[in-house]
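Chemist: Chain by chain, the residues run as shown.
There are 8 protein chains.
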Amino acid sequence: MEKAEIIRILEEYARGEIPQDRVVERISAMGLEELGFATIDTDRTKRTGIPEVIYSEGKTPEQVSAIASKMHQREIPILATRATQAVYEAVVEKVPGAIYHKMARAVVYLPVESSLTESYIAVVSAGTSDMPVSEEAAVTAEFLGNRVERIYDVGVAGIHRLFHRLELIRGARVVIVVAGMEGALASVVGGLVDKPVIGVPCSAGYGANFGGVSALLSMLNSCASGVSVVNIDNGFGAACQANLINKLT
Amino acid sequence: MEKAEIIRILEEYARGEIPQDRVVERISAMGLEELGFATIDTDRTKRTGIPEVIYSEGKTPEQVSAIASKMHQREIPILATRATQAVYEAVVEKVPGAIYHKMARAVVYLPVESSLTESYIAVVSAGTSDMPVSEEAAVTAEFLGNRVERIYDVGVAGIHRLFHRLELIRGARVVIVVAGMEGALASVVGGLVDKPVIGVPCSAGYGANFGGVSALLSMLNSCASGVSVVNIDNGFGAACQANLINKLT
Amino acid sequence: MEKAEIIRILEEYARGEIPQDRVVERISAMGLEELGFATIDTDRTKRTGIPEVIYSEGKTPEQVSAIASKMHQREIPILATRATQAVYEAVVEKVPGAIYHKMARAVVYLPVESSLTESYIAVVSAGTSDMPVSEEAAVTAEFLGNRVERIYDVGVAGIHRLFHRLELIRGARVVIVVAGMEGALASVVGGLVDKPVIGVPCSAGYGANFGGVSALLSMLNSCASGVSVVNIDNGFGAACQANLINKLT
Amino acid sequence: MEKAEIIRILEEYARGEIPQDRVVERISAMGLEELGFATIDTDRTKRTGIPEVIYSEGKTPEQVSAIASKMHQREIPILATRATQAVYEAVVEKVPGAIYHKMARAVVYLPVESSLTESYIAVVSAGTSDMPVSEEAAVTAEFLGNRVERIYDVGVAGIHRLFHRLELIRGARVVIVVAGMEGALASVVGGLVDKPVIGVPCSAGYGANFGGVSALLSMLNSCASGVSVVNIDNGFGAACQANLINKLT
Amino acid sequence: MEKAEIIRILEEYARGEIPQDRVVERISAMGLEELGFATIDTDRTKRTGIPEVIYSEGKTPEQVSAIASKMHQREIPILATRATQAVYEAVVEKVPGAIYHKMARAVVYLPVESSLTESYIAVVSAGTSDMPVSEEAAVTAEFLGNRVERIYDVGVAGIHRLFHRLELIRGARVVIVVAGMEGALASVVGGLVDKPVIGVPCSAGYGANFGGVSALLSMLNSCASGVSVVNIDNGFGAACQANLINKLT
Amino acid sequence: MEKAEIIRILEEYARGEIPQDRVVERISAMGLEELGFATIDTDRTKRTGIPEVIYSEGKTPEQVSAIASKMHQREIPILATRATQAVYEAVVEKVPGAIYHKMARAVVYLPVESSLTESYIAVVSAGTSDMPVSEEAAVTAEFLGNRVERIYDVGVAGIHRLFHRLELIRGARVVIVVAGMEGALASVVGGLVDKPVIGVPCSAGYGANFGGVSALLSMLNSCASGVSVVNIDNGFGAACQANLINKLT
Amino acid sequence: MEKAEIIRILEEYARGEIPQDRVVERISAMGLEELGFATIDTDRTKRTGIPEVIYSEGKTPEQVSAIASKMHQREIPILATRATQAVYEAVVEKVPGAIYHKMARAVVYLPVESSLTESYIAVVSAGTSDMPVSEEAAVTAEFLGNRVERIYDVGVAGIHRLFHRLELIRGARVVIVVAGMEGALASVVGGLVDKPVIGVPCSAGYGANFGGVSALLSMLNSCASGVSVVNIDNGFGAACQANLINKLT
Amino acid sequence: MEKAEIIRILEEYARGEIPQDRVVERISAMGLEELGFATIDTDRTKRTGIPEVIYSEGKTPEQVSAIASKMHQREIPILATRATQAVYEAVVEKVPGAIYHKMARAVVYLPVESSLTESYIAVVSAGTSDMPVSEEAAVTAEFLGNRVERIYDVGVAGIHRLFHRLELIRGARVVIVVAGMEGALASVVGGLVDKPVIGVPCSAGYGANFGGVSALLSMLNSCASGVSVVNIDNGFGAACQANLINKLT
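Residue numbers (this note's numbering), protein chains in the order written: chain A, 1 to 249; chain B, 250 to 498; chain C, 499 to 747; chain D, 748 to 996; chain E, 997 to 1245; chain F, 1246 to 1494; chain G, 1495 to 1743; chain H, 1744 to 1992.
Simulated from the structure, these hints should not be mistaken for laboratory data. These numbers come from a predicted model, not from an experiment. Be aware that one or more of the hints could be misleading.
Stated by the list, open to error - In silico DSS-like cross-links for lysine-lysine, where the CA-CA straight-line distance does not exceed 25 Å:
#1 F/Lys-1304 <-> D/Lys-849
#2 C/Lys-557 <-> E/Lys-1098
#3 B/Lys-308 <-> B/Lys-343
#4 D/Lys-806 <-> D/Lys-849
#5 D/Lys-806 <-> B/Lys-351
#6 E/Lys-1090 <-> E/Lys-1066
#7 F/Lys-1304 <-> F/Lys-1339
#8 A/Lys-59 <-> A/Lys-102
#9 H/Lys-1845 <-> H/Lys-1802
#10 G/Lys-1741 <-> H/Lys-1990
#11 G/Lys-1553 <-> A/Lys-102
#12 G/Lys-1564 <-> G/Lys-1596
#13 G/Lys-1588 <-> G/Lys-1564
#14 F/Lys-1315 <-> F/Lys-1347
#15 A/Lys-70 <-> A/Lys-59
#16 B/Lys-308 <-> H/Lys-1845
#17 D/Lys-817 <-> C/Lys-745
#18 D/Lys-806 <-> D/Lys-817
#19 G/Lys-1553 <-> G/Lys-1588
#20 A/Lys-247 <-> B/Lys-496
#21 E/Lys-1098 <-> E/Lys-1066
#22 B/Lys-351 <-> B/Lys-308
#23 G/Lys-1596 <-> G/Lys-1553
#24 E/Lys-1098 <-> E/Lys-1055
#25 A/Lys-59 <-> C/Lys-600
#26 H/Lys-1802 <-> H/Lys-1837
#27 E/Lys-1066 <-> E/Lys-1055
#28 C/Lys-568 <-> C/Lys-600
#29 H/Lys-1802 <-> F/Lys-1347
#30 F/Lys-1315 <-> F/Lys-1304
#31 F/Lys-1315 <-> F/Lys-1339
#32 A/Lys-70 <-> A/Lys-102
Input sequences plus hints: build the corresponding full structure.
Modeler: Pasting the structure below:
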């Protein structure tokens, strides 16, 4: 319950500008706005630093497009993750100008680019099969107004590739490391940079990796001490946290 | 391999100041210093932003105290985590002035306090049984030169307690949430603040929680998008990452 | 073995109304009636408060429709859960008037509405992807003669939505909470109401939730003490128990 | 946010009885009272139907006794679960008249018995090794003001024992079934009664039961439809929910 | 190495009937006969009491039919388990008279029925969704020359159905219990009969049963002491062991 | 409900030898006898072929000795499994002549040896660390009146040891195979004998075997078709089933 | 950082043959060559003894064929594993002469056969369902220039088949054992040969084997001491290590 | 069954030097020698390249010392692993000259050193808490007659330490990598050397690593292709396989 807002309401009430039942209503419903088929959380950006995003998995193309259309009308920037080609086609019909990032499986409609930060987020990945997740992270971070540097295919099986790009990684404000298989890359990077590292374990990759659990455990048990972890394949979540860190003043 | 340093060495070599075998030696051993029973990583702070720390579990009091003594001679700040009373007693004999944080199970010897940041890290915990982990996080963060605000015992079973302290939490630069049982607190906080949230799942708590796996899965699957996670009971790791975030300029 | 019924049989026997072998038969077969391809448990409602229900998963549309048809002839109310469109079409051919609840995946044929209770069951859900499970719970509860109030899409990522509907939830006689991901909603609700709360963990939802195990563990470890749990996605089971509670006199 | 209370405060404010800052304070801190070393949730009973209870595991006898003493001064009924003999001795020194239920591992101090319900809760257990959990359930339920009937040692290895006591079980308003090993008793009872059944899986029992997971999965997958489950060994939690059900009017 | 056969070979050798290299060959290759694309274990029946059986899963219809055809030529009784309709059609073309048990997913060609035992194996199942597994057990047992009594759909949700058929179950020489969900039926039957009980946990059934692990753990932890278990859905394996028991003289 | 007994009771009733309430009582309580602190299942042997046995784990020496003493008075053969030296000493004081099998951790008092079978049970074990489990199986089987042959330390690391004893194993009526580690011995024996094989996976043994889960899974997935399995370390359960098989006529 | 190469560069520098910035570049980028869409690790063979291999799972036929084509131009031997028929067809269009090993799911283009070793690798498999994995191992080993002997279908259910081929297995320099189900074959072979044994657990096979975890645990817990293990179904990895062992001089 | 030995026996038999029953006996008991309380596998070295070793865990000091004493009398080299100080003291009393490697927890009595190989095994470890396992590997390898080079404390948190020692690692004939936590070191080393790498996952280390499962999964999923794995903490097993590889001619 935010005190500043309560004070404002009370003062209006004290001045007799609003009746008592209205005061009760406003205090009990603060920060909420209902919209028929969904309860839109319109001030989520103000509250958490990240706007509402459409997670397309388990939704029909029509449902995604209906939500996107409504956001378009209200001039809210749109990001739909885990979007298939069919989802994109349904959206672009209602939201002309929407762009499809195929590898990232993301639909983006982003009119404002001016908030782009100068500092950058490094997205580092171990191999090419991690790419859908890396790109989900990169595209999400860009959507949220961050500059992103991609450093891909630098896994520890050929570790000299990593060393060659190290300067670029060290220059970032925050580093996202995406890796499947044994996920060793997060620890190696964590031991080489002095910036927060966010690990994203991947389910994709060679052989039987128990759906990404192998990489998840690796990253949780990282011997490097500045590493935290998000859920398997959650490139979106990693980008959200990286965005909050990169925007700190 | 850092280019600046290679250049410096090459220039000395070009000027004939050092012989070829010395160049080879210095290039191949850059950033390394061996010390008999252990290979001390003396420039870890410069490289990763966090100095070497003594993890006391599985070490005898004598071993911890020997390492601490050596660090004391070199005037390196000392933090020994997971330290028993016996460990403390062995250390304080060699390092007069070392302090024991009993609840945090940490021995600290910290001559320099001047680097203390103005911004602060909030350590939020769900209940009293989470306290050894919360305190490990708080003491580690303070040791690394951060200001810390503790907001304890505000779990979701009585969620109004959390709302009462929300302003303090929102004022932090980064938030650590420590919770056992179902770990719901991380999601609830993540949905209420616009700062990065680091979740620490706890093994302690009421009932059968599968050694903390319950809280770990909860936090990894958090519906709030700015939350990342460290390993079970790893208050130390959470503080390390929070420190890196809080020190970003 | 129910004493009242034994007494009745013995008295008939004592009066010579039935021969000894008939007594033996009736005592040994009490409460049982065989029907060719299945042993129908016709007095299950009397015994357990819940009639037999058709679980359609793993049955062909023909099999479901044959069972429904037989129940229709005997004027037993029909509920077929986990029913596809094809199942519905096969059933409605034999049972005109049967209704299909698409979202709940349930076919219902319910002639008697008069037993509807005045008190109500609240079905609270965290998000839209939980809806098939929430609706299975709601439709089942209504089929069993309960009034139901739906409070959907009030997950903890935007917790003020929950507070806005709290009065309605608190007015229920029993509360079903359906949630996937980290399942935190069950604990939060459990800490705010003084009615029994039944948690239903969901397999659907964002990201890698290990088929609902994450939410299941969360709810089992709930820090709120009045919460019990049914199996993953088992909206039907939650409604059955809620029905028994709501019907208590 | 409870509207009735807001109205009351606003009216006092409108009448000028309290200044604005006091209004802000009271609204933002509603239902909260801090007590130095812990944030006591004094109106938890009013909110959730169950008072605060002391979980003794992981606390020293001194800590438990300090909390109990404070509650005693405020004349709050005391229940300390998972209490050792040493805990009891520390408590009884400060709270004369406290009783120790050894088998239930519970310390109770309960001056008011008048709220005792007429209807009863049946606590049914499979074997003698389940007894600490059964007794925790029974003693907790009695502490909360319920009449309890114990039906112990009626597991399915000798199922005729169960049938002999069936009438007593059927007479209850709600049934708690405590069972380890394969936990079959919950399903068997669920198929024989028309009251809500709450299963408590036990870690104790013969052989390798994976710490109670075997019984937990059994109960979650119960073929009887009115069964819900609490966490392994959580007799306390089962009693809390049974209490809420038994007190429904 | 069987002594009787070695003696026989040595005597032939001593009588000069076979040369030394033939002796070496026969001793080192005893009980083995190679057949091009597979090493057929022709005396498996003599050695283990159970002939070779064709497991069709993962084989093409052509492969199954080729093997069956070869066995047909050598007049070996044929059982192909996990067989689809397509497998049956391929087999019957080569082996006229082969019969397809659709529910059991088994193809059988069995010329000799005379070995049928007088004593019988009872196959008891909990519900109709267990039927493919129950029938695999029943058909396998019949194929191996056993009389089988089927007692289906007698799960513990309506336990009186079981009691009604108890005499037939008790008359068996060995009992196979097939059950999914919580698998309670194995314990209940094990507590009521004095014959060996073999449990077969099923993956099929209502709800989330973790692929049969729930029933498997239940049966392994059975409180009845004469119960052993085979792998999930392994009706074939249960019938093999039941056959060995039933054939004991 | 056993018909023969019902007939007997009804005839006494018809002859007026017993009053109606006594008939009701006897029918509803058939096969049950209560004894104060426990419900003794005195006709368990008649019903299941195995008498009640005292499982000592989790009981105090006094409790075990009290039960044993009561059984001694009624001249029931006594077997207490998982018994420590202290348990034995408490028992022998009350039951002179009781014997302690240290390796098997079993206390036995067995006046009747005459029921000893001629056919025998083979207990085959892989190594010496499996011995407590093997001996529990062997001693239990002997207690139940079976002849036992022990074939120990014949694991597959030196498989020729097994072949040397094969004739003795093949002569048994039923074979118990006890093995830890990878549990391969059960499959190897299952492929060499034509008798039922019961596998007992062991938790003891070299290295990290996940508490016996490794051997359990091995035995459940045995490629030999006549193998069934009991729970980890459950030598007692294996002997119970072997006893039922060996006693078949 | 290889000293020999550093010396060479320094000498060129000392002789003034290369400028300083070129020295810096060459030292910092040693052993790396970038190629547009991928960072090819061209000297992987020199560094690790095994060339780059194309893992086809998760790649489109076009992607595999593009990589193969580029390797073909540079005259690098090509191995594409987990390749479907469609992948082969795309590759052979660009690389005429490429061969498809259907059972092994591998595409091979191997101009040089002269490096074939005299010593051989034995690939031993338990059954026919293991064949895709066995063949992946065998084909990979041959591709890497090794002689391979296949000994298939010799699982422990008919262990005499193994003994018959033992001489051939013992003659190998290193043995790969491929087995599903309970994986016992690895232990049995490990106890019979004096060469390194590499176990490959298989996910395929009869019944519920938890995706190969059963065989994996078996092999990790092998009672034979010279056995190591690769991941489930990883015939490729086993062949790589066997190749390194077989090539040791 | 070894043909050469059969031929030898047959020739003696043909020459009439041994009677028929002796031939039968010798053929059926080949390679076996019983010794009262244990079946000693005296030719295990000849058969598998590794002698019998005493695993002390779960044995009393007396038992270990009795076995060691018997081996001493027969002049067999002795290795007792997982030996406590008490075990050592019991052994040295019977076997003067036995040496205790405290860190490796191993007792060794090794009269013959002449078989020492020229090539060496590298034992590489990540940290100091892995040392008991590393030393078990190193001492076992030395006991088996191998030269060993120890490269300890070179984990990836400070990866430059590894590069500094790389030349020594690359010079080995086979490399054992011991690592806990995330086990990344095995992959990093595997990507840098052209010799077989055997990974040993460790249960010891910082934080919650699920008893070594984290490192085990990491190593099984290694992105480097020449890595195989032994069980958690199994330094002994790794040394056995490394010994077989190092002794290959």
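Chemist: If you check each hint against the structure, which ones fail?
Modeler: The structure breaks only hint 17.
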